[in-house]
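2 protein chains.
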Amino acid sequence: MRLSKAYLPVLKESPADAQIVSHKLMLRAGLVRQTAAGIYAWLPLGFRVLKKIEQIVREEQDRAGAIEMLMPTIQSADLWRESGRYDAYGPEMLRIKDRHDREMLYGPTNEEMLTALVRDDMKSYRDLPRTLYHIQWKFRDEVRPRFGVMRGREFLMKDAYSFDVDEAGARHSYNMQLLAYLRTFKRLGIQAVPMKAATGPIGGDLSHEFIVLAPTGESKVFYDAAFEAIDLDRAGLDYGDKAGLQAMFDEVSSTYAATDETHDEARWSEVAEERRRTGRGIEVGHIFSFGDKYSKAMGLKVTGPDGGMVTPMMGSYGVGVSRLVGAIIEASHDDNGIVWPDAVAPWKVGIVTMRQDDDASAGAAEKIHAALHDAGVEVLYDDRDERGGAKLAGMDLMGLPWQVIIGPRGLASGVVELKNRRTGDREELSIESALTRLSA
Amino acid sequence: MRLSKAYLPVLKESPADAQIVSHKLMLRAGLVRQTAAGIYAWLPLGFRVLKKIEQIVREEQDRAGAIEMLMPTIQSADLWRESGRYDAYGPEMLRIKDRHDREMLYGPTNEEMLTALVRDDMKSYRDLPRTLYHIQWKFRDEVRPRFGVMRGREFLMKDAYSFDVDEAGARHSYNMQLLAYLRTFKRLGIQAVPMKAATGPIGGDLSHEFIVLAPTGESKVFYDAAFEAIDLDRAGLDYGDKAGLQAMFDEVSSTYAATDETHDEARWSEVAEERRRTGRGIEVGHIFSFGDKYSKAMGLKVTGPDGGMVTPMMGSYGVGVSRLVGAIIEASHDDNGIVWPDAVAPWKVGIVTMRQDDDASAGAAEKIHAALHDAGVEVLYDDRDERGGAKLAGMDLMGLPWQVIIGPRGLASGVVELKNRRTGDREELSIESALTRLSA
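If you read the sequences in order, they're chains A and B. Position 63 of the first sequence, counting from 1, maps to 63 under my numbering, and the rest follow consecutively. Position 408 of the second sequence, counting from 1, maps to 408 under my numbering, and the rest follow consecutively.
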């Protein structure tokens, strides 16, 4: 991609109304633009990152055996009356009347809708277990939207729902999602600690939040430093290995970690003082096991192995896909801008000519651009006739992992500069060596 | 994918309330399920097809130089007051009040929002031309939703918007999208004829609809049979070739084709009688060139090459992505079910065991399933312990291009059956030959 043909608007000034660093950087680097209170358009730079995160979430759900589908954004109020949540949900639910005065709503979550869908199809214990998921826009009418996409009103979420015939099955489904989440966050390049959590309006008695540590976090968190040593995502663990998954769950559960909502001073005091860690964190995922709360209220029943009717046990599992863009930036930035983890970077490499009007520089840049493109490396070439310093600052702000910097002097001695955005290390090397390094 | 672990519910009975064949088949084969009037959930089978169509649309937009982004579904009413369309739009717009009583709406289209976004960034003629697009859910509150996803209320649409400094540029942007559409529909495996169309509430004086011919179409269409001979998508044509694109436009325009909205009896009478074709058609895309209608109303201006201010010329370009699922079925089905074009089939191959309890059959199926999976061929294996006939009927209904049918008798003589869904041709061949054929 050539910057001169792209739509990558960068703001010169830091936006005054943004309070946290991810919000500031997302506006300045042109990832998003607010179109109404708490509602954002995703400009091409932000869109690319959002799609990469979405795809990693999808791949790890698929690997865990969850099945993708897609539910609509607008729901009938009647569905929510069946579960009793229509009146309970409060003003965060965006309520709508259509042209025939029917009561509708913009879905904040989908327990009701999916339970209603599967009750037409799941008739026997042989139709279970199943975990279904979708990645869809949702709406919560926050009274005071703030912090950009971290607490916006319209947001992209992956939500999965599991259906099992018994408690043991439901526990295994929960553990599979727990592992899928650990793997997802690791691939995204962030450390997210699972913490026992309150279940709130979703219900149930077992729940974990996944918290990214960041000084700007919304919750206070308390955890045992032993967490840092646990191999949370267990490289060799197979999703079919029920005992192995339960052992992982037990280890996660027996190591203290909690948000202020569930913090237990008695258990905390048992953690050795030198291992107690406190800080602030951002919730990026939340999983729930809530038994038959929705299946019972909505009449989902299947025949059991012995011929009697069984009410399936359910769980639900959310990841804030759009929120993750902000959370990753909170966890990975410096004074010059965003520092993307490789897996979610909008492009891997940025090419900068210090003097676009120097024919040798432009020629070298074209050559590198074409070679990387042909090698399947995602590359953004700043081919604009701007000051080199401004172009470098723009690349730093946008946070691509690598910069190839091309200047007339270096070229005269046969080298370009390769800069690592995270470390700031710069190295002079030949074009061929740079290409080899970046194509690896 | 194993059917025993999937969520692919098939209805035994033809749904009584569905009037057209695509709606019937989408419900019966389990592509979608209605969740409220004119609102559908996409079950895994339908979701896979929807994503394939979306990806082809995306790739052809990218190839034409359009840049992807994503705008939100909920918009502020104030945006639409700027263009004057808030009052003009009528009851098809889903109007919403949020908790602070602010007037919002669920976007039916995005001319206003994108014009407002780019006016902050596009300052000079050097920032143009640009064509931006997104693929996002939209809502039109149809008074009487019907025909399933063909005339639903919540629908997925690709909409692109072009910005140019002058009329010649705008014409070229229009021609690029025209070619991208022809290429998109060809890749999707359907013939869509561009027809001069009325511009309606979008405005402007140049517009084409893309119509798929089908007896259940909503519009009457009239066209010159010469259309069938034109090489519409011009294999070698490059998007930078302005004269070549204009020649394509001229040839398309000079061959008569119109819907009843724009039908011109005088011009029609000039078409040789034996070349006159009439029928019914389904609109799957609509492109518009509307000059400065929105840019002028909303104050989008850039400095021109001579320093004066210029109001950019715009166009907008829509493809009904979810509607295409229905339109493709209307154009490609038989008495037994759907016949997917290869490019959009949910899986390329279905494996059916006639007797799942026969160990040799199950073993052969496992082997074929694994080999195709490893070869990167998308495959669905019906491993359920059901009657062979019912399983074959299910595969026909779901419309996968190829079926591998495995029975004890054939296996005894070393063969399986390979069935082409479209032609119905069946052929006995060895497992190795079948694998070679299907991996090609």
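Take these hints with a grain of salt, some might be off.
Treat identical chains as interchangeable: a pair holds within one or across any two.
[Claimed, not checked] BS3-like mimics (lysine-lysine), calculated; alpha carbons at most 27 Å apart, straight line:
id: 1; residue 1: K220; residue 2: K123
id: 2; residue 1: K97; residue 2: K138
id: 3; residue 1: K52; residue 2: K242
id: 4; residue 1: K242; residue 2: K293
id: 5; residue 1: K242; residue 2: K5
id: 6; residue 1: K301; residue 2: K220
Simulated from the structure, these hints should not be mistaken for laboratory data. Since the structure is predicted, the reported quantities are computational estimates derived from the model, not experimental observations.
State the violated hints by number, sorted upward, taking the hints as numbered earlier in the document.
-> Violated hints (numbers, rising): 1, 3 and 6; every other hint is consistent with the structure.
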